[in-house]
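Protein chains: 2
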Amino acid sequence: MVLGLRLHSALYPSWGLACLLPRSFASCPGKSDSCLTMPQLGLLHRRAWASLLGQLRRPPGAVCIRVVHSHSQVAEATLTSQLKPHQEKSNFIIKTPKGTRDLSPQQMVVREKILDMVVSCFKRHGAKGLDTPAFELKEMLTEKYGEDSMLIYDLKDQGGELLSLRYDLTVPFARYLAMNKVKKMKRYHVGKVWRRESPTIVQGRYREFCQCDFDIAGQFDPMIPDAECLKIMCEILSGLQLGDFLIKVNDRRILDGIFAVCGIPESKFHAICSSIDKLDKMSWKDVRHEMVAKKGLAPEVADRIGDYVQCHGGVSLVEQMFQDSELSQNQHALEGLRDLKLLFEYLTLFGVAEKISFDLSLARGLDYYTGVIYEAVLLQTSARAGEEPLNVGSVAAGGRYDGLVGMFDPKGHKVPCVGLSIGVERIFSIVEQRMKNVGEKIRTTETEVFVATPQKNFLQERLKLIAELWDAGIKAELMYKNNPKLLTQLRYCENMGIPLMVIIGEQELKEGVIKLRSVASREEVAIKRENLVAEVQKRLSES
Amino acid sequence: MVLGLRLHSALYPSWGLACLLPRSFASCPGKSDSCLTMPQLGLLHRRAWASLLGQLRRPPGAVCIRVVHSHSQVAEATLTSQLKPHQEKSNFIIKTPKGTRDLSPQQMVVREKILDMVVSCFKRHGAKGLDTPAFELKEMLTEKYGEDSMLIYDLKDQGGELLSLRYDLTVPFARYLAMNKVKKMKRYHVGKVWRRESPTIVQGRYREFCQCDFDIAGQFDPMIPDAECLKIMCEILSGLQLGDFLIKVNDRRILDGIFAVCGIPESKFHAICSSIDKLDKMSWKDVRHEMVAKKGLAPEVADRIGDYVQCHGGVSLVEQMFQDSELSQNQHALEGLRDLKLLFEYLTLFGVAEKISFDLSLARGLDYYTGVIYEAVLLQTSARAGEEPLNVGSVAAGGRYDGLVGMFDPKGHKVPCVGLSIGVERIFSIVEQRMKNVGEKIRTTETEVFVATPQKNFLQERLKLIAELWDAGIKAELMYKNNPKLLTQLRYCENMGIPLMVIIGEQELKEGVIKLRSVASREEVAIKRENLVAEVQKRLSES
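Going line by line, the protein sequences match chains A and B. To get my numbering, take the position in the first sequence, counting from 1, and add 20. To get my numbering, take the position in the second sequence, counting from 1, and add 20.
Pulled out of the complex, with its shape left as it was, chain A reads as follows (with noise of 0.2 Å):
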């Protein structure tokens, strides 16, 4: 008869922790890999009991193996594939998914400085706060993304719905509009968004990553939200003190009058406008070629629609696309033209216009902008004078949506919608990079007191006085010993930068005292036991 070992994780103490096997057990040879005779059975479980008994003592939790009965009454089957990694320690690996990663608490400190800038940006401009699951029903996101739907993560079907990962803020919320049938509403949301993307993640591109929305929605005058939307990328990035930015600014209905007017037919739109998007990246030599070789454009179509894309400036170059005899025939081109002037004329006046430029090239990847849409990226100044900017990447983008909701709306019932994005994972690198350079000591905890002792069996007398720190709202540590050594409690405050020290001793409990350190200056003074709430919380509000 073929019988297994099925082998427990630490349900009890005295259950088995499958990593802990003694080699040999995992290695010993049954009927198959991972099959095992009773009579291999019954001798591997002694001698594996016998080899880990030394371990059943302390610490709490130690290891010891059991048989369990399942379908029969006899000890059963199989050591699971699950356990196979931890004992083939060789296939072993420790990781985060692809793409992914965990932030130590020095990153935590860094992306809660740029997140609290962001959001108290968000909040200075009246938005409310918001939270969407982490997945939708799958049938919400289809047919939103365009092309970027393969790279949408699905959940296994388990039984019940079939549910999709978001993956971005802004369908989650036209969806949140149409389901509780606002019509109105100016919401910010932080929160994580996930891409089956190939990570390269040296340029800040993760598979997983935290996404800080901002989004106008309701029927107002026009281009009144739209530049308030530019404005808080303004005050955003200039707030985190990136170094010089550039706002690229384009409308989706003049890249479509264009594209008509060079004559592209209208089912190549979509192809060219995804070339076109590319321009950031690639030359208009590559780009050209490309449009040309792969998508079958005619080399004079190609070079109309070059004329056009290649062109940036200010308000001024608006002026002269209304001058083009073609364009400015064109409806949809001249509404956006209009639009665009408008918008110049309020980022004028929010004096944020020398930072935006009209820049045809852009066209932003997403299927569902409708009207205006805009690019932050940073300028690098390069080291020689005299030598243009470098563009080191996006770290802002968004844009008008006017369809959206509606597509969520049984009735097609649309609210517009203008919003924008902020990349913090590029602000995130770019901040940690900064700080690295500059050398700068980054404090994980804020811990203001350290309850310490020179004296051994005082541990008592230190959780009564860390106890009464903490009910007044101190921020305080000790060590987790019953007898440490005060040069590794000096030692441990100096490294953490904690300010403050308060010890206890012998001589100060007779004395009814408490001494209180400074941990920079090493100045100690003497308080009174009942005074040393009220003069840490003194010390602490004066520095």
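Honestly, the hints are just simulated from the structure, not real lab data. All residues carry an ideal CB built from backbone N, CA and C; glycine is no exception. Keep in mind that a hint or two might mislead.
Simulated coverage check for chain B against chain A, where a stretch passes if three residues somewhere in it have a Cβ under 8 Å from a Cβ of chain A [as the list claims (entries may be wrong)]:
| # | region |
| --- | --- |
| 1 | 145-158 |
| 2 | 175-188 |
| 3 | 232-246 |
| 4 | 367-381 |
| 5 | 464-474 |
| 6 | 477-487 |
| 7 | 493-499 |
Calculated Cβ distances over 10 Å to all of chain A for the following chain B residues [claimed, not checked]:
| # | residue |
| --- | --- |
| 8 | 198 |
| 9 | 339 |
| 10 | 346 |
| 11 | 429 |
| 12 | 510 |
No farther apart than 16 Å at their CA atoms in a straight line, the calculated lysine to aspartate or glutamate pairs in the EDC-like style are these [claimed, not checked]:
| # | chain 1 | residue 1 | chain 2 | residue 2 |
| --- | --- | --- | --- | --- |
| 13 | A | 143 | B | 468 |
| 14 | B | 558 | B | 468 |
| 15 | B | 118 | A | 241 |
| 16 | B | 158 | B | 168 |
| 17 | A | 176 | B | 323 |
| 18 | A | 158 | B | 174 |
| 19 | B | 535 | B | 550 |
| 20 | B | 505 | A | 241 |
| 21 | B | 476 | A | 241 |
| 22 | B | 143 | A | 468 |
| 23 | B | 461 | B | 514 |
| 24 | B | 201 | A | 122 |
| 25 | B | 212 | A | 122 |
| 26 | B | 176 | B | 159 |
| 27 | B | 204 | B | 429 |
| 28 | A | 530 | A | 543 |
| 29 | A | 204 | A | 241 |
| 30 | B | 305 | B | 323 |
| 31 | A | 201 | B | 122 |
| 32 | B | 201 | B | 429 |
| 33 | B | 115 | A | 159 |
We have chain A already, so just place chain B on it with the hints.
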């Protein structure tokens, strides 16, 4: 020849939004449900086009239909199934996935208040922040949760790694420690976790929910970190003013000892443990029945168990158990009892011992606990005096898990850990309900100043003014209208609780002043334009 029509979402304003198709189009008879012959296609195309042309003007993102080419040069293939829900309107329900929900702005305010309070407590105890991905390699989660493993959400295999959504924040923390060879760490983590439970949302149980975890990893003297975890739970539950509460404490090793003493075969430990875990929802009679009838325990063994697990009390019960001649012979039980005694000593020093109950019925579901376990329940004081307080469910829980990190380490190196998790969703439901009962009005924005005008054609002045306020860090809003009515602006401020209005009109422009109005008192004063920002800041700092 059979041809079809593919519908495109709004890549450009001139492209089609499926949901806006006229009914006649969707229901038109073709060769089959999803195929249309060429003549029909042409006919439909023109008809649909014509009926939609009216929408082709403003607003941007208007609608039409486009025939696309695919593998051949002719118009192609089938209405896609994804589009059907938008057309078969009766089937198209906009909703969030089962067991999940959006958080509205009102709910977000409550949520943030609670999270701020929880996180500030964690920071008060010296914890560092940490973040991990929403999903882990599937194998990282296997064999960690016992029976609950079937509640894990798996991602669809789309090529590459097999992934699962995290089930809690504890296992990712242990994975982080093992992966980075961290031997000592005090961290907090606030994040969502996902469990495929049958959602009974009434009780505040969701499939997506937020957890707030605090854990201490490292080899320390016994029970000091454990006591701090319980102190933290007390601080948070007191701080949130949720009413009276109680923290049940037990130890896996004591349960283990009891089972051994009662003569339960080790193979049944897990099953009996999960029966006992139901004692907070079921009577002892029902639990006993389950143990005897379903889990095959002899009635007299069940009764012996019953004598133990129905005990609860303070530190005196610990002493009583020490006197139990059989239990005190069991090595595991003895270790557990010794630790609990020490724990109570420390909790007394922390001033929280009266909140703690040694409860032998507490078992906790998760596999990985190895020592002390605890669970906080809110006590609802009943209307009539003298009645026993009602248990309204667990709001925080945790315990010691000394084996978990070792499960990830190729060499099985252990890092002892103890921690706690705050169940924010239940707390959130309670606080939300309380606010509703009291009729408390929640501000969903933080706007301090509204920029208004009583006259037409003052958009430019308003935009200039609000930019000044924003640039000074003042939270400000205006109407996105060229010519809003003053009454509408006033009402908005009253509804949203905005305290200040700045008003600009012809008179003010002429005199170089701005009117500053207190919304509550309706008092207005004229302020010199150049002093406005300073005056607003002064007013805001005073309030």
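Status of the hints after comparison with the structure:
no., hint, verdict
1, 145-158, "holds (count 13)"
2, 175-188, "holds (count 8)"
3, 232-246, "holds (count 7)"
4, 367-381, "holds (count 3)"
5, 464-474, "holds (count 4)"
6, 477-487, "holds (count 5)"
7, 493-499, "holds (count 5)"
8, 198, "6 Å, violated"
9, 339, "20 Å, holds"
10, 346, "17 Å, holds"
11, 429, "7 Å, violated"
12, 510, "16 Å, holds"
13, A/143 x B/468, "10 Å, holds"
14, B/558 x B/468, "12 Å, holds"
15, B/118 x A/241, "38 Å, violated"
16, B/158 x B/168, "14 Å, holds"
17, A/176 x B/323, "44 Å, violated"
18, A/158 x B/174, "15 Å, holds"
19, B/535 x B/550, "12 Å, holds"
20, B/505 x A/241, "14 Å, holds"
21, B/476 x A/241, "14 Å, holds"
22, B/143 x A/468, "10 Å, holds"
23, B/461 x B/514, "12 Å, holds"
24, B/201 x A/122, "14 Å, holds"
25, B/212 x A/122, "15 Å, holds"
26, B/176 x B/159, "15 Å, holds"
27, B/204 x B/429, "15 Å, holds"
28, A/530 x A/543, "21 Å, violated"
29, A/204 x A/241, "13 Å, holds"
30, B/305 x B/323, "10 Å, holds"
31, A/201 x B/122, "14 Å, holds"
32, B/201 x B/429, "9 Å, holds"
33, B/115 x A/159, "11 Å, holds"
Hint compliance for this structure: hints 8, 11, 15, 17 and 28 are not met, and every other hint is.
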